[in-house]
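Asker: So the chains spell out like this:
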Amino acid sequence: MARKSTTQRVVVSTIGAWFFGFLIFFPILWMVLASFKTELEAFAIPPSFLFFHWTTENYATVQERSDYLLHAMNSIIIAGGSTLIALVIAVPAAWSMAFSPTKRTKDILLWMLSTKMMPPVGVLVPIYLIYKAFGLLDSRIGLVFILCLGNLPIVIWMLFTYFKEIPRDILEAARMDGATIGRELIYVLTPMAIPGLASTLLLNLILAWNEAFWTLNLSTSNAAPLTTFIASYSSPEGLFWAKLSAASTLAIAPILVLGWFSQKQLVRGLTFGAVK
Amino acid sequence: MGQITLQGVQKSFGPVHIIKGADLDVADGSFVVFVGPSGCGKTTLLRLIAGLEDVTGGAILIDGKNVVDTPPAKRGLSMVFQSYALYPHMSVRGNIGFGLKMAGLPKDEINRKVEAAAATLNLSPYLDRKPRELSGGQRQRVAIGRAIVREPKGFLFDEPLSNLDAALRVQMRIEVTRLQKQLGTTAIYVTHDQVEAMTMADKIVVLNAGKIEQYGSPLELYERPANLFVAGFIGSPRMNFVTGDNAAQRGASTIGVRPEHLKIEREGGGGWQGTIAVAEHLGSDTFLYVDAGPLGMLTARYIGELSLHAGDRVSLVPDPARIHRFDQGGNALRN
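In order, the protein sequences belong to chains W and X. Position 99 of the first sequence, counting from 1, maps to 99 under our numbering, and the rest follow consecutively. Position 197 of the second sequence, counting from 1, maps to 197 under our numbering, and the rest follow consecutively.
Hints in this document: simulated from the structure, not taken from any laboratory. Given the structure is predicted, the values throughout are model-derived calculations rather than measurements. Among the hints, a few may not be true.
To be verified - Here are the computed lysine to aspartate or glutamate pairs in the EDC-like style, where the Cα-Cα straight-line distance is at most 16 Å:
(1) X:Lys65 x X:Asp25
(2) X:Lys101 x W:Glu184
(3) X:Lys74 x W:Glu57
Given the sequences, and given the hints that come with them, work out the whole structure.
Answerer: Take a look at the structure:
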C-alpha cells in the first residue's frame, strides 16, 4: 500500500515537473515556431500551433538584412572576454577570502553583492558620459569592461562558496606530503576546483551573452552583440514577429546548445554548498 | 631516530594564549598520547609540532635540531588527520604515493613502496579505487598508509578514529598500536577519549587549558594523579571526590576514591551511607550510583554481578590505601 502511494506520488510529481518545465519553455518554443511562419501567420488569431506553412524565408531575410556573423562574433568576444577577465580577477580574490579570511571578509562579500542590488539605470548617464569621454562607446573593449565589472561580484561569490568547500585538511595534508605551493596548485587544488571553475565560467558566459541593458545602451553597430541585433528587428515601421523570432532564435541558439550540453555542470555549480 | 623535544613552546592567536609554555620529551620509538577536554590545546600542540602552525615562542627539537623555522614537509614527520584528508581525485595508489612523488622518487620505487605499505594495511585489492569508493575504516587505513610510506621520524595522529563507529574504533585502535610497535616509529596521538589514551599510550600527556597537567605512563597517571584535574579525567567511571570533614580528617581539602576502590557493604557498616539511585548491571561489572546525602553522588564499581537495586541502602567503604588526597589548590598530597 505504502509502495503504491509512493509510486503515485512519483508519477504525479513527474507530470507536474514536466508541466511546469513545458510552461517555462513555452515562450522559447513559441518563438522558434514563429520564426518558421510567414509574417501573416505569426499574427494570426487563433494562432496555429503546428499546422501552418513552414518556411525558412525569415532566416534568409535576416541573413540578408544584417550581418549575423559579425554580431555573433561580437557576442563571443564580449561574453568570452569579460568572463575570462572576471575569472582572472575573481580566482585570487575568492581564493584569499576562502583560505585566509579576515574580520572584514564577510563585509567585503556583502558589499560586493550589494552593488548588484542597485539598478544599473541609476548609473547609466555617468557611465555613458565616461564612455563617451574615453571613446569607448560602441567598442568591444568597452563592453567587455562593463560586463566584466557587472558580473564580477557573482563570479567571486560563486568561486568563494566553491573554494570554501575544499577542506583545509587536504591542503595541509599536501603540505605535509611535501608539496610546494606550485605543486599543491597543480596536483591538488586545480583538479579539485575544476568543476567549480567550469560551472562559474559557464554561468558567467550565459549571463554575459544575455546581458541586454549595457550592450543596448553602449553599442550601436560595430561592437553590437546579438542582443542589439535582436533589438534592431523591433523597428518603428512595425513589428515583424516572424523575423524578430528568427533573429532571436539565431541569437540564443549557440548559448542554448552550450547550456544544454553543460547542464549537469551548471546545476552542480548552482546548488553547490546548498546541499551537504 | 625520532626524538621530539618541546622547550617552552607557546602559541597565541592574538591575545588568546592557547599553549602556555609546554615542555616535553618524547623518546624515540615511544607512543605518546595527548589527551584532554575539547579546547585544551592538544590539537594545536600537535599542529605546532607538525609545522602547520608557527610557534609564538619556545623551541621544538627533532633529534636535537630546532625545527621551528623548518617547513612541515622537511621535518620528517607525517600526519594522519581526523577527516582523513584524502585527495578525492586520486586513487588509493595516488594518495599513498603522493608524498614520494613530491620527493621525486622514481616511479618503480614509488610503486614498490606503495604496494608494500598497502600490503601491511590489507589495502592491496583497493589500490585503484578512489577514496569515495571505500568504507570509513578503509579510508582511515589509506590515510595511515600515506603516513607510513614515507618512513618518517614520527607519526602525528589527530583524533584519527573519532569518525569511526564504536566497534571499528576498537579494532583500529589495536591495529594502530600494533603497527606502531612493529615499525618502532615515534608516534604522537591526540584524542579526547581517555580509554584510547590509556590503552594505546606508552606515556600520556594530560592537557588542560593550554597547560600540561601531567606526563607519565598510563598507570602512573591512574595511581598517582598529580592533581584534581588528572584524577578526574583519567579513569572511567570518574573518581569520586569528597570534601568537608571526611577530607579534613585525613589532612586534605579534598579526597578522591575511584569507584573500583569502594567496597560495597550492606547498610550499617562503617563506610559512607547512601541510597542507590541507579544500578547498572553489565554482567561483568555492576555500577552503583549512590546518593550519599551530604557527600553528594558517589559511584561504586563491583566486578561481577551484585544483586542490589535502586532504592536499596548501602554502605561504601573506601580502601584506605587507595585514597588520593588533594590540597586547597587541587594538587596531590603525597604521604
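Asker: Take the hints in turn and mark each one as holding or not.
Answerer: Now for the hints, and whether the structure bears them out:
| no. | hint | verdict |
| --- | --- | --- |
| 1 | X:Lys65 x X:Asp25 | 13 Å, holds |
| 2 | X:Lys101 x W:Glu184 | 12 Å, holds |
| 3 | X:Lys74 x W:Glu57 | 72 Å, violated |
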